[in-house]
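Chains as they are written, first to last, in our numbering: chain A, 1 to 493; chain B, 1 to 96; chain C, 1 to 513.
No lab work stands behind these hints, which were simulated from the structure alone.
One or more of the hints may lead you astray.
[What the hints assert, rightly or not] List time: in silico BS3-like cross-link candidates among lysine-lysine, alpha-carbon distance up to 25 Å:
| id | chain 1 | residue 1 | chain 2 | residue 2 |
| --- | --- | --- | --- | --- |
| 1 | B | Lys82 | A | Lys136 |
| 2 | A | Lys83 | A | Lys356 |
| 3 | A | Lys469 | A | Lys459 |
| 4 | A | Lys136 | A | Lys83 |
| 5 | A | Lys405 | A | Lys457 |
| 6 | A | Lys405 | A | Lys448 |
| 7 | A | Lys469 | A | Lys448 |
| 8 | A | Lys115 | A | Lys457 |
| 9 | A | Lys83 | C | Lys27 |
| 10 | A | Lys260 | B | Lys10 |
| 11 | B | Lys10 | A | Lys454 |
| 12 | A | Lys469 | A | Lys457 |
All values derive from a computational prediction rather than experimental measurement.
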Amino acid sequence: MMADTAYEVIIGLEVHVQLQTQSKLFCRCSTRFGAPPNTQTCPVCIGLPGALPVMNEEAFRLALLTAVALECEIPSFTKWDRKNYYYPDLPKGYQISQFDLPMSCHGGLEISDAKGAFPDRRVRILRAHLEEDAGKSMHDEVAGKADSRIDLNRTGTPLLEIVTEPDMRSPQEAKGFLTELKLLLTYLGVSDCNMQEGSLRVDANVNLHVSTPGGVVATPIVEIKNMNSFRAVERALAYEAERQYQVWLETGRKKGDVPKQTRGWDDQAQVTRGQRHKEESSDYRYFPDPDLVPVRVTPAQIEEARQRLGELPAALRSRLQSDYGIDAYSADVLVNQGRLLVQYFEAVAQSTGDGKRASNWMQQDVMRSLNERSMVIGDFPVSAPALAELLSAVQRDEIDNTRAKDVFARMIDDRCSASDAMAALGIAKVDEAQTVELCREILRANPKAVADLKEGKQKAVGALIGQAKQRNANINPGRIKEIFLDLARSEQI
Amino acid sequence: MPLSSAEVEKVALLSRLLLGEEELRRMTAQLGDVVEYVRQLDELDTTAVEPMAHAAELSNVFAPDEVQPSLDRELALANAPKRDDECYRVPAVLGD
Amino acid sequence: MSLIKASATDLLGYLQSGQVSAVELLKQYLDRIETHDGSIHAYLDVAREAALERAESIDRRRSRGERLGALAGLPVAVKDVLCTAGWATTCGSRMLQNYCPPYDATVVRRLLDADAVLVGKTNMDEFAMGGSTENSAFGVTRNPWDLTRTPGGSSGGAAACVAAGMAPLSVGSDTGGSIRQPAAYCGVVGLKPSYGRVSRYGLVAFASSLDQVGPLAATAEDTALLLEVLAGHDPRDSTSAKVPVPDYLLASRQPLGALRIGLVREHFGAGLDSEVDAAVREAVDWFRDEGAEVKEISLPHSRYAISTYYIIAPSEASSNLARYDGVHYGYRTDERAMLGELQESRQRLLQEGDNAGAENLDGTLVRMYRKTRAEAFGPEVKRRIMLGTYALSAGYYDAYYLKALKVRRLIRQDFDAAFNEVDVIMGPTTPTPPFRLGEMIDDPLKMYLQDLYTVSANLTGICAMSLPCGQTGAGLPIGLQIHAPAFHEHRLLQAARAFQQGTDWHIRRPDLC
């Protein structure tokens, strides 16, 4: 966005999240991703005549947990509605969803950016409701025929649709919201949020508030679809804002002048393109699904969900800062890695009593190693106690930081403890008397250096340390330096 | 006439039906009769009445989240009007 | 010995005592079907070989002394709206002409578990929409009492096969009277259970909040016997009730006691045929003579029942029938012809310079849906889909659908109030005796008004049954309808059985040449 533009971007998001249940929302077919086409279907999800839906209890439990975490109001009564439209991947001719009485509404999610890319903000949640997913239509290019192929494996997978208020003011904020939402959902364990597998899908509604001499004018709202990554969301929104501004300059069209438009993001061309749609397609004729009964939620059930939430990312960030004395940025980095990594960090920090050192090691060494190996913390070969053992050795000056990194690498390769890795590397604790004797020997052999040191030319000590490390790799260079200086000064050579 | 033929045509599209000229004329008249008749409900003041969508007013009917076997694919696709070994086939969905 | 006129409960006794085998019994029915179904056309399909095999296996198991189910060896006819695994289920529609379900409806499973012999699938109005069986895509069913007249509908085949002695027991479905009205027209017993009493899983939906599967038979006892097998909770149907199933046969045999009968003032008004009126009053007099207390009651909103029903049922139907789009199963239009037609229209419009018209033409997929549905649905189904789509569409929802849901509650409240005063409500099942085939085919509204007495039980979820209570001068059957509160089927059966102990209307059978 150009700094001199006289407009504000107004962004609202609609996020569809697949809930991590074993079976589908209204039948007991598996929700496993990647099965061969049409091998996870039954009369219910194919919509065969006579088949009837029965609600998955776990899906409702996960939805309730999420709604509570999003600080939503949970009405005591919610029901199922049919959204009627025709599409080949929607075998019943309607989608079971929630219309006028969703299971939750009016919540919010706090977002902030540790680097200050956008101001702290509470993005309000308009509603979050459960619905069933549709199947997949694939255009058959291989056969070269004008046919689409329909796979119904995904049909009926539970989705939570989360709709925000138009509270975001920049593409960065939208990305920030999605990042925070994804983190929350993974902390709750309600979804794996894998965008590649379609577990998390985002549509955006965007328009501009343009400052004009006559006051602020809102431009027509455009819905953007087909954004397959958070980065795509950010780029599509940035592109769309600029495009809408150009359209505004050319046409002066305001909100309400034209019907709501839908545009798709073309990730290759990095542009949004208008999607054709007919006016009648928006008459969904929602009505209560007579095959499903309503759900009543008691205050006790909501309280129970609240108890199950555990510590959520926002609370965790501030606690890590106060408990371990780390800065906001570090807390953010750690928390963003997920609950398991934070637990690992806390174990190391508590065991060593040095949060900052633990935090640095987590960010520099542990996370880098995980990345290099495409590994998650649960599979990491170095356990938290093992890392704590190593860091304690550093703390006690038994080993310097550089050497400790060698040890760490060895611990990963050999899946062993710090002491075993040190032994394997021949690192033993060096006796102080031995070190002093070694230093004397080196000084005796380097009278020129001794003379320089006496004159206060400290540079000379570097070469001496190098010689000492050659003789014994395990000695601590910091300690050695002190010994050299003391000896030279006292002339006790 | 409570319903115009244009309205009936619009409903036919929403219903994914296709009416010939004569059919449209007849349908407009017949639906018009029924719509006119059912408008008798307007006589009743129902402002304070709760709608009744179900004949038996149950709530909270759930099934446990346990996977059960799906249909064998061959059986699932057996009734498809057009198919291949794996999928249902329809004219291209692009552009619609 | 001819077993065709014996009751199912008697037949069960003969089977158990070995007086007759399941195969012998079945063969008598199959012969009967062979002889008479050509003119009546109650069946869409008779599973002769499969039924014989099954009857043989039941006989074998009986001879081995195995414990058998409650209907062991009894032939049962099933309305073609119930899914039967591997056996065509057409719903009387061209749409499902070749459709073969991969699963059994829960009630079908229950029948099989009870060792019934499924003899055939019975004819019906397409997707159970209609009251004459004239809306079947596969030909009308004729009334065994007068072949020029309708057997009623939509379970016309189900009622006609019992009346004609082509099955002792028959399973139908009732959304607005589709069991009771044909039962009345054919002179048999038909019971619409309380909503949730019988599983709907595998019942092809017409209007899900109104549909209910139920029994048809010659006598109240036979009806009780079959209902007990059909009824019960089903975890596959969220609207199925967890209410214990009583021993209906035993319950039906309890003495009548001090029954309080309500007669609905509004049900004896204009439009009621005088012969029907007289027969129903005479039946009520029989109960009075037996010691019942009869009082007049009012259901003030009953005059709105038809309107309410003909908004709610089509609305649900418009959505329930959306799945028939030619994609995953069922009929699909000829794609090549459809594409050619579209192409032709487009070229014509472009030649005429109507670019906008060409642009507005249906896309391929939309046209495929529309052609498929236009070709495979009959006129009544189309009317109801259109009506329901209209009632649910933007701008009309509140005035029609939502309004109807509210009036539905008022109707329910009327019944709740009435049942505070009486145990059962009695009246005519239909305003007239069976009408002539073709008589009403062009006047849908007139046809809908015939459902005046039956739709309320579906709207409210209570149970109701029809039983023969007289005949017109021309010898056509007349039905008495009895309503009871939800889950009081035993009360209906008890009253009906008492009536049949004291009268002989249920024993009369049409003369079939």
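Against the structure, the hints come out as follows:
1. Annotation: proposed proximity of Lys82 (chain B) to Lys136 (chain A) holds, straight-line Cα distance about 16 Å (limit 25 Å).
2. For the hint pairing Lys83 (chain A) with Lys356 (chain A), the CA-to-CA distance comes to about 54 Å; that exceeds 25 Å, so the pair is violated.
3. Using a Cα cut-off of 25 Å, the hinted pair Lys469 (chain A) and Lys459 (chain A) holds, with the two alpha carbons roughly 17 Å apart.
4. Restraint check: the Cα-Cα separation between Lys136 (chain A) and Lys83 (chain A) comes to about 18 Å, which is no more than 25 Å; the hinted pair holds.
5. The suggested pairing of Lys405 (chain A) with Lys457 (chain A) is violated, with an alpha-carbon distance near 31 Å, which exceeds 25 Å.
6. Restraint check: the Cα-Cα separation between Lys405 (chain A) and Lys448 (chain A) comes to about 34 Å, which exceeds 25 Å; the hinted pair is violated.
7. For the given pair, Lys469 (chain A) sits about 20 Å from Lys448 (chain A) by alpha-carbon distance, which is consistent with the 25 Å threshold.
8. For the hint pairing Lys115 (chain A) with Lys457 (chain A), the CA-to-CA distance comes to about 43 Å; that exceeds 25 Å, so the pair is violated.
9. A distance of roughly 50 Å separates the Cα atoms of Lys83 (chain A) and Lys27 (chain C); the hinted pair therefore is violated under the 25 Å criterion.
10. Under the criterion of a C-alpha separation no larger than 25 Å, the hint pairing Lys260 (chain A) with Lys10 (chain B) is consistent with the structure, at around 21 Å.
11. For the suggested pair Lys10 (chain B) and Lys454 (chain A), the alpha carbons sit about 102 Å apart, so the restraint of at most 25 Å is broken.
12. Proposed proximity of Lys469 (chain A) and Lys457 (chain A) is supported: the alpha carbons are some 21 Å apart, at most 25 Å.
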